[in-house]
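A.B. asks: Could you slot chain Z onto chain V? The hints should help.
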Amino acid sequence: MSISMRFWGVRGSIPCPGADTVKYGGNTACIELRFQPINRLIIIDAGSGIRALGDLIMKQDLPKGPIKTEIFLTHTHWDHIMGFPFFTPIYIPGTELTIYGPVTYEEDTLDKIVGDQLRYRYFPVRQSELAAKINYEQLQECEKDLGDGIVMRTKYLNHPILCLGYRFEYQGKVLCTAYDTEPFQNVFAQNKGSPDFDKEACLEGEIVTKQENEKILKFFKDADVVIHDTQYTHKEYNPGKIGWGHSTFEYAINAAHKANVKKLFLFHHDPLRKDEELDKLEAAYQSKVRGKSALQVEAAREGRLLEI
Amino acid sequence: MERENVLYVMKSYIEKMPSLPTTVAKILQICNDPKTSPTDLNRLISLDPVLMGKVMKLINSAYYGLSQKITSLVRAIIMLGINTVKNLSLSTAVLASLGKKTDFQALNMEGFWKHSICVGSTAKLIAKKRNIDPKLLEEYFIAGLLHDIGKIPLNNRLSKNFIEALSEAERSRHPLYFAEQHILNVDHSEIGRLIVDNWKLSKDIEDVVIFHHNLTEYQGENLDILYTVAISNYFANVSELGFSGDRFPEKIQDDVFNYLGIGWQYLEEIEDDIKKEIEKAQIFLEVVK
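Same order as they appear, the protein sequences are chains V and Z.
Per the numbering used here, the first sequence starts with residue 8, numbered consecutively.
Per the numbering used here, the second sequence starts with residue -4, numbered consecutively.
Calculated directly from the structure, the hints in this document are not laboratory data.
Nothing here was measured: the structure is a model prediction, and the numbers come from that model.
Residues from chain Z shown here face chain V by an in silico Cβ test under 8 angstroms; the list is partial: (1) Ser32; (2) Arg38; (3) Tyr59; (4) Ser67; (5) Arg70; (6) Ile72; (7) Gly76; (8) Ile77; (9) Lys271.
Restricting the straight-line Cα-Cα distance to at most 25 angstroms, the calculated cross-link-like pairs of lysine-lysine (BS3-like) are: (10) Z:Lys195 - Z:Lys6; (11) Z:Lys30 - V:Lys199; (12) V:Lys248 - Z:Lys30; (13) V:Lys269 - V:Lys228; (14) V:Lys270 - V:Lys299; (15) V:Lys228 - V:Lys151; (16) V:Lys242 - V:Lys299; (17) V:Lys222 - Z:Lys64; (18) V:Lys206 - Z:Lys30; (19) V:Lys222 - Z:Lys52; (20) Z:Lys130 - Z:Lys270; (21) Z:Lys64 - V:Lys151; (22) V:Lys75 - V:Lys180; (23) Z:Lys124 - V:Lys119; (24) V:Lys248 - V:Lys281; (25) V:Lys217 - Z:Lys64; (26) Z:Lys21 - V:Lys206; (27) V:Lys140 - Z:Lys270; (28) Z:Lys64 - V:Lys225; (29) V:Lys140 - Z:Lys271; (30) V:Lys30 - V:Lys295; (31) V:Lys119 - Z:Lys270; (32) Z:Lys271 - Z:Lys123; (33) V:Lys217 - Z:Lys52.
All C-beta atoms in this analysis are idealised placements derived from N, C-alpha and C, irrespective of residue type, glycine included.
In isolation and in its complexed conformation, chain V is listed as follows:
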C-alpha cells in the first residue's frame, strides 16, 4: 500500500527548455500520483508536463482498458493548464476524465477557462470535438472522499487568484501541495507616519496574518511529502516580488520543519533558475538543515519518482 509520485513538470510561469534546464526540466507543473496496489491514477495540474504523462498513459494504461482519471488543478493560471490540449487521452473514445479546480469570482466557469484553450484561434481542435467524456467540477475548501480509501482535503492558499493546496491521505500516508502561494502579509500600512495608517486595522492585520499562515502549516502538518512553492530566494523576493503570490526557499523550509513534515520538495522553479544554481541552492539548504531538523529537502526534478 503506497502512493507513488512522479514529477512531470516542476517549473513555474512558462516552459523553459534549453541547455540550462536539462537536469531539473523545463516543463510547467504536472504531478502523477498512483495509489497502489489498485493503480488508481490522479494527476495534479495540467502544465506542459502533462503531455509526456499522456504519452505514458497511452502506452502503459490504455492497453489494459479505457482510461479513467482525475486532474486536480491547483488554480487556473496558464502555466497550470496549458498542457491540457496536448494530453492525448482526451482524444481517445472511452476516456473518462474529471477535472477539478477552483474558480475566482467574476471569472468564467471552469470548463470555459480550461476548455476554451481548444478553440480554433488557439488550437486546431475544438473542445466539442474531443472523444473523451470530460466532466468539470468546481472546487472550494473541502474534504472529499475519493473512494478506494483516498481522502482529499483542500485549503485556499495566498495567490492573486483562488488557488487550492491539496492534501491526499491514503493508508496512513500523506502528500500535500502548497503552490502557488506566498505567506500572507499584513497589507495594512504599518508606518505610523503614513496617512494610510490605521492602528486598529494594522494590529488586527498582524494577528490575522499570523493565524492564516498557521492554518496553512496545520494543513500540511505531519505530511510525508510536501511540494511547496519556492520560486525565489529571500533576497530575490524582498522587496521586488512581494504580492506576486510565490514563496521563498527559506519560508518553505521553515514552515515544513515547523509542521513536522518528513520530506519537502522545492517546487515551481523560476524560469530563470539554471540547473547549476538549483544544485547549489539545494546543497546549501540541505547543509543548513542537517543536524537541526529531521526534514529532508530536495529540489523537485522532472522524472523524479518517489514511493511514499
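C.D. replies: Quick look at chain Z alone, frame taken from chain V:
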C-alpha cells in the same frame, strides 16, 4: 392619477430610500482607482454597517465554501486580496440598491432582478466585445443594472396603479412606459430621474436611467453607453430573460445597432454567456435579499 400627486408620493418615498447609493458611487470610484489601498477600502466599507454585513455574508456564502467563517473585513482583505473584496463590495452595494422584497408589490422581485442583471451583463458583454476601455466596463454593468430603478417606487407606493399600467401594457400590447404615461401621467424614466438626482450617480448612469426609452431626444455625450443599455434592455425583454413588465417593448431602430456596429445575431451568440452571468449573480441575490 394626477401627475402632481404621483410626483409628490414618489418624492416622499425616494427621500427615504436607503443611503447605500452614496457608497455605490464611492466604491465605483475606488474600484476604478488602482492606487486604492487596503486601508481605504476597509474604511469605506466599515462606514456602512449594512454593506459591511452583506459583504461578510457573501464572503461566507457557499461560493467560497470557507471552512472557517470570516468575521472581519481586515481578514477578508488579507485572505482574499483587495481586488476580490473590491468586486464583492461593488456587486453587493449595487444589488442592494435595487430594493428589498418588501419594496415589491406589483412586479415580482426575482424577475425584476433577473431582468436588471441581464441588462447589466449584456451591456458589459457588448462593451467588452467592442473593446471599450476596461476601466469603464463596470459603468456599463451598473448603468444596465440600474436603468429601471424608477420602477421600484412605483411598484411600492402606487402598486395598484402600477398593476393597472402593467395589465394595460399587456392587454393592448404596448410598451410599459406608454401605459405608465397613460395611467399615471409619468413613466419610470421620470421617476428614475428623481432617484438619480438624489443619489448623485455619475452622468452616464444618470443619462441611461432617464433616456433609455427616449433615444431620439438625447443630446448628451453618453450615446455609447445609452445605446448599449437600450439594446440590452430590448434583448432582455424580448428574450424574456427576467421580467420587468415590458413584454412589448418598442423596436430599437437599425441606426442604433449600426452606431455600435453590432447585430441581433451577436446578441443571440452571447445568450449562453448572459445566462451564465445570471446564474452566477443568483448567489448574490440570495445574500442581498
